[in-house]
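Asker: Line by line, the protein sequences give chains A and B.
Position 90 (the first sequence) corresponds to 90 in this note's numbering; numbering is contiguous.
Position 52 (the second sequence) corresponds to 52 in this note's numbering; numbering is contiguous.
Possibly wrong hints are sitting among the right ones.
To be verified - In silico lysine-lysine, DSS-like type, Cα no more than 30 Å apart, as pairs:
(1) A/151 - A/292
(2) A/383 - B/62
(3) A/340 - B/78
Just so you know, these hints were derived from the structure itself, not from any lab.
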Amino acid sequence: MVDLTALTLADARTRLRARDIRAVDLTQAYLDAMARRRDWNAYVTETPEKALAMAQAADERLDAGEARPLDGLPIGMKDLFCTEGTLTTAGSHILDGFTPPYESTVSGKLWDAGAVCLGKTNLDEFAMGSANITSYHGPVTNPWTRPADNKPLVPGGSSGGSAAAVAGRLCIAATGTDTGGSIRQPASFTGICGIKPTYGRCSRFGIVAFASSLDQAGAMARTVEDCALMLEAMAGFDPNDSTSAEMAVPDWTAACGEPVAGLKVGIPAEYRVDGMDPEIDAVWRQGIDWLKAQGAEIKDISLPHTKYALPAYYIIAPAEASSNLARYDGMRYGLRVKGKNLAETYAKTRGEGFGDEVQRRVLIGTYALSAGYYDAYYLKAQKVRRLIADDFHKTFTGVDVILTPTAPSAAFREGEKADDPVAMYLNDVFTVPTSLAGLPAMSVPGGLNGQGLPLGLQLIGRPWDEATVLRAGAAVERAAKFDVTPYGLEQA
Amino acid sequence: MALDEATVARIARLARIEVDDDRLPGLAAELSNILGWVEQLGEVDTENVEPLRAVMPIPSRKRDDVVTDGDRQDDVLKNAPDAHDGFYVVPRVVE
Chain A
1 MVDLTALTLA
11 DARTRLRARD
21 IRAVDLTQAY
31 LDAMARRRDW
41 NAYVTETPEK
51 ALAMAQAADE
61 RLDAGEARPL
71 DGLPIGMKDL
81 FCTEGTLTTA
91 GSHILDGFTP
101 PYESTVSGKL
111 WDAGAVCLGK
121 TNLDEFAMGS
131 ANITSYHGPV
141 TNPWTRPADN
151 KPLVPGGSSG
161 GSAAAVAGRL
171 CIAATGTDTG
181 GSIRQPASFT
191 GICGIKPTYG
201 RCSRFGIVAF
211 ASSLDQAGAM
221 ARTVEDCALM
231 LEAMAGFDPN
241 DSTSAEMAVP
251 DWTAACGEPV
261 AGLKVGIPAE
271 YRVDGMDPEI
281 DAVWRQGIDW
291 LKAQGAEIKD
301 ISLPHTKYAL
311 PAYYIIAPAE
321 ASSNLARYDG
331 MRYGLRVKGK
341 NLAETYAKTR
351 GEGFGDEVQR
361 RVLIGTYALS
371 AGYYDAYYLK
381 AQKVRRLIAD
391 DFHKTFTGVD
401 VILTPTAPSA
411 AFREGEKADD
421 PVAMYLNDVF
431 TVPTSLAGLP
441 AMSVPGGLNG
451 QGLPLGLQLI
461 GRPWDEATVL
471 RAGAAVERAA
481 KFDVTPYGLE
491 QA
Chain B
1 MALDEATVAR
11 IARLARIEVD
21 DDRLPGLAAE
31 LSNILGWVEQ
41 LGEVDTENVE
51 PLRAVMPIPS
61 RKRDDVVTDG
71 DRQDDVLKNA
81 PDAHDGFYVV
91 PRVVE
């Protein structure tokens, strides 16, 4: 008897097409697993009836030999994507009861490809966070624990529900969104793969906006190939997004199998930061050796403005957020907290509706954009952003892909990091520069640290060159042979 | 740049977020800490650097100025906290 939830997306896809397994059974196995592990709080909303109806329709197409690319494969949808007729919360109190009358482009493409919707996955409020502890619907628990104490750990954020669901076998793959690392950092914390494509690859239409010049949808799954299969269905031109690229979607799945001999891999000196965890450094060196052993050429490179990426990001992203979140005024949808008059109703609605981290960022952004401070903060940050992007563009004349650690630590306990917001922001030190430059990047598990927790390696590529990112990611995956599942997960 | 409580109260008013007085000292300290950390951007020479606004060179597209969607009043109002006769109902604006 095959353990249905242990199959990779690619394996399940093959078996569904061969009619060895049925989409309804696969979906039911995941629905059962979800019901058993509600304590992880990976889903805000489960959609079992919708899932079984979609699986039934997929089985009918598969029986008729009319399989769509992802037919019958049950996925989790980050609750930042608007789904027609299904509650969409963005992890916020202010969107209470919001049921979109339309479908986001990316989720619509996945349903058209035959994917089955298991539910909406939990996330940091408005995707602002690196530990999935800011959701109005409660924190998400990482399926991984340190075997020594078995205490709950954070799954990373903001796509923490998606990451926990993929790692804990509560879905075969999931969508994420990445503004400063929100796919890659949780992928690293939960021992899975996650890819953020080039800015403009996936439509932002129908994704609740956080920072529009940075937000990109991407895929999270247990293998590099599974990410490629998901991303192929998600990407593509959409006239409803003014920054959507009019470019064909390549065969990314094929790229995963291509050898890396002769590939030039850059190792940026500036990512070896002061006080770096020796175990992070060790997994990075291991990754270098793995690629070298497969014939890649390793080159030392410099990205001199790296250390300024985080402070620039924490002006640009909050500034854009303060503008995007102005729409939540309690008049047209979501929460309304009545005051004595209109102005007081706005203020009370937003004061109760937004959590602490969202309020902090809206306030920082409002300040950075306010009269007298715009040039000193916002314009300055945009200029530094140019220098960071230029660093990458210059480097990519000499290398094909860049290898770095994904995050500066493994998963931690809630409250283990200082309550200081800046300390939390440092989680994204290795992922934010790529986001500012709009480049494709992915995290692939590199191994376990001394406490038995997964650590990810990040591959960064040229604009529109997801193929090389996936190719190098698959090479790391082949060498790492990372086949450990979270401790305590039932084995077949 | 240290923000005092009066400045935080002013930003909160601009952002239309009600912040109780007892939260002002804590918020002032947190926001000052974040802005203090951001100050390091001052070390970077950005003389003659153009601000980066659009990260990928995707040209702006134009379309004909025609209605492409509409006549969905019920859909649009379905999520309203308060609606009546095809309109949003909002608190009195003019006293």
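Asker: Could you run down the list of hints and mark each one as holding or not?
Answerer: Here's how the hints hold up against the structure:
1. As the CA atoms of residue 151 of chain A and residue 292 of chain A are separated by approximately 37 Å, the hinted pair breaks the 30 Å bound.
2. Using a Cα cut-off of 30 Å, the hinted pair residue 383 of chain A and residue 62 of chain B holds, with the two alpha carbons roughly 28 Å apart.
3. For the suggested pair residue 340 of chain A and residue 78 of chain B, the alpha carbons sit about 25 Å apart, so the restraint of at most 30 Å is met.
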